[in-house]
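The listed protein sequences correspond, in order, to chains A and B. Just so it is clear: in the first sequence, position 54 is 54 by our numbering, and no numbers are missing. Convert by adding 1000 to the 1-based position in the second sequence; the result is the number in our numbering.
These aren't lab readings, by the way, just hints derived from the structure by calculation. Among the hints, a few may not be true.
Unchecked claim - Taking lysine to any residue pairs in the SDA-like style, the calculated list, with each CA pair at most 20 Å apart, reads:
hint, chain 1, residue 1, chain 2, residue 2
1, A, K17, B, S1055
2, B, K1240, A, R55
3, B, K1240, A, R56
4, B, K1570, A, L69
5, B, K1220, B, R1205
6, B, K1241, A, L69
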Amino acid sequence: MRVSFYATLEPIVGQRKVELALAADARVADLVDALAARWPELREHLMDEDGRLSRRVNIFVGGRNVRWLQGLETPLEPDQTIDIFPPVAGG
Amino acid sequence: MKLREFGQNIAHIDLTRGSWEMKPAPADWVEKYIGARGLGVRYLLESGPGVDPLSPENRLCFMNGPLTGSEASMSGRWACVTKSPLTQTVTDSHQGGWSAARARWAGFDGLVFDGRSETPVYAFIEDGEISLRDASEVWGQGIHATVRFFQERYGAKYLSVNAIGPAGENCVRFAAQVNEDDRAFGRGGTGAVAGSKNLKAIVIRAKQRKSDVPDSDAWKTVRRQALDRIRDEANITSPKKGGLSVYGTNVLMNVTNTIGALGTRNSQRTSFGDKAELISGEYVEQNLLVGNPTCHACPVACKKEVEIKEGPWAGLKMESVEYEPAWSLGSNCDNANVASVAKIIDQCNDLGMDPIELGNAFSMWMEATERGWVPEGQGLAWGDELAMVALTEAIAVRKGAGDVLAEGPARAAEGIGHPEISMTVKGQAVAAYDPRGLKGMGLGYATSNRGACHLRAYVAAAELGVVPIESDPLAWEGKGELVKTFQDLHAFSDSLDLCKFSAFAEGAEEYAAQYATAMGITFGPEEVMLTGERIYNLERYFNNQAGIGEGSDTLPARFTDEPSTEAGSKGHVSELAAMLKEYYAVREWEEGVVPQAKLQALGIV
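The whole structure should be built from the sequences, with the hints applied where relevant.
Dropping the structure here:
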């Protein structure tokens, strides 16, 4: 699974794209756990104090923000593209 | 500088007679419309909605807000309000940098220009006085040379120069006005109105003045509360930590590309694929960034000064590769070279043009060329950056195909018999948010009072999960009320006049507290929203009086009829009709027209 990190999250990971191997029945929650284990500094960006998806991150699966899918329960497929952003706007 | 006396010092400059006088704004106008955008529209209504925008009868207002130039964060802005030659609607455009603050420090709350000078002039402003002086030495010059000329004449320290370039002089319908920091009154063709009046520049010399407020302790407290919100690391405004502060506005490029909301090749597609990265804020930050300049009283520093290091434009040092022109001149034109994007933005800053409109004119012309609708020898191929640079110059001086495109993409497309390939609303081009991937933005384009605009209702903040009011970008339900809320809130902040980006950290409560404390009055968040609604309805009333009413709130059929083909928004169109029905219901409008009862209820008539 290819995961891309953008803007202020990219320097934390140290690269734009990483490859992750997750179980076939993985959900976004599993992805978040795997990322936080590999880059502990990411955890505070990904999860809030109550263990919910933080407002400081937007995770897109196939171009859709998981907030509008099933949140942490959103199922993942091995060949899916995951894009992870901090909140961004401007214009 | 007594903030509570805002509105007392409005200069009325008669360019025909070469005279001026100071007159206070009517007290009820300040009470109802606050300043900047709102007050400017009220002055414009007085000159008549039926005027020809390029005639001497059109009014050109430069309006500060009650917080402009004060110590309030992000208060370095003023509004230019006029009837637009591009849209025939009311338009307001806002400029950052230091010009607005210096105008306030020089003793002026607003400048209202009427008439037309027989010869080119500039207005020199200092210590509460205005003089109209001969501008023949700089007429025909670019803005950068014009700024240098005045800096040499008057000294650069404490000086601000807001000028038009050749595009304004030649009444290009999307001509802009730009100041010494390359901050622009960008949209709506205010530069053409200045050009039609032979007004080359406004030159202001003033030192900073401290604010005088009724309760200085309370003033410090409310400003601190707002600043704390801006600095909060959870907000994108957080200095050197938030995405907007680190990467500038172009931090958006990769996310809109990801969700299928990045118009590409004249919005025939909704994503630029892997090429978006090459024109993104991250790419610029890693490869070209050389400075982070700020506007007056701004801790965010969203401008990202860049230097081009190689290729035909090596050595070019310019203001900032903003998201909007990176889109309009980049993916929209199938151009993935950020160096040429920077070059053309810099040309726009020098010639005085709106790069959003320019990029849309190019993309329309590129599609027309591909379809064989452009006269022989006048075509423009997708991504032909050298031709784009040359055509930018030609538009400013109205030469060849440049004369056609100087009319703006809507008129130019109409001229070749294919208005359907112009991505415009009410004659003004759309911005960098495809309405199929960000549906609220589409409704915002359609119902904007100044033609398609992303800033009248920046609901992308909700649709992209930046502010606590979250909204699914692909859902159309509820967008009517959401757009109205943002339009009303922004109408108020544009009248204070605080930077639009303050809304990423502040809301009605912070705006109310700062306004109430500055003016020494009682004013709450409900009044913020009511006042914003009044201003929005005033603008709509102006447009209705100008003959722009039922049926004018539209989108190009490309967005409503041609489904997105890209991931994120694939298969989606804009459900504009359904959203409009919701919107008119919450606005209490009749098909885009403000009824008399609504005008009376809001105290407009």
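Status of each hint after checking the structure:
1. K17(A) to S1055(B): Between K17(A) and S1055(B) the Cα gap is close to 56 Å, so the pair fails against 20 Å, i.e. violated.
2. K1240(B) to R55(A): holds (19 Å)
3. K1240(B) to R56(A): holds (16 Å)
4. K1570(B) to L69(A): Holds, because 15 Å separates the two Cα atoms, which is no more than 20 Å.
5. K1220(B) to R1205(B): Violated - the C-alpha atoms of R1205(B) and K1220(B) are around 27 Å apart, more than 20 Å.
6. K1241(B) to L69(A): violated (28 Å)
Consistency with the previously given hints fails for numbers 1, 5 and 6, ordered from lowest to highest.
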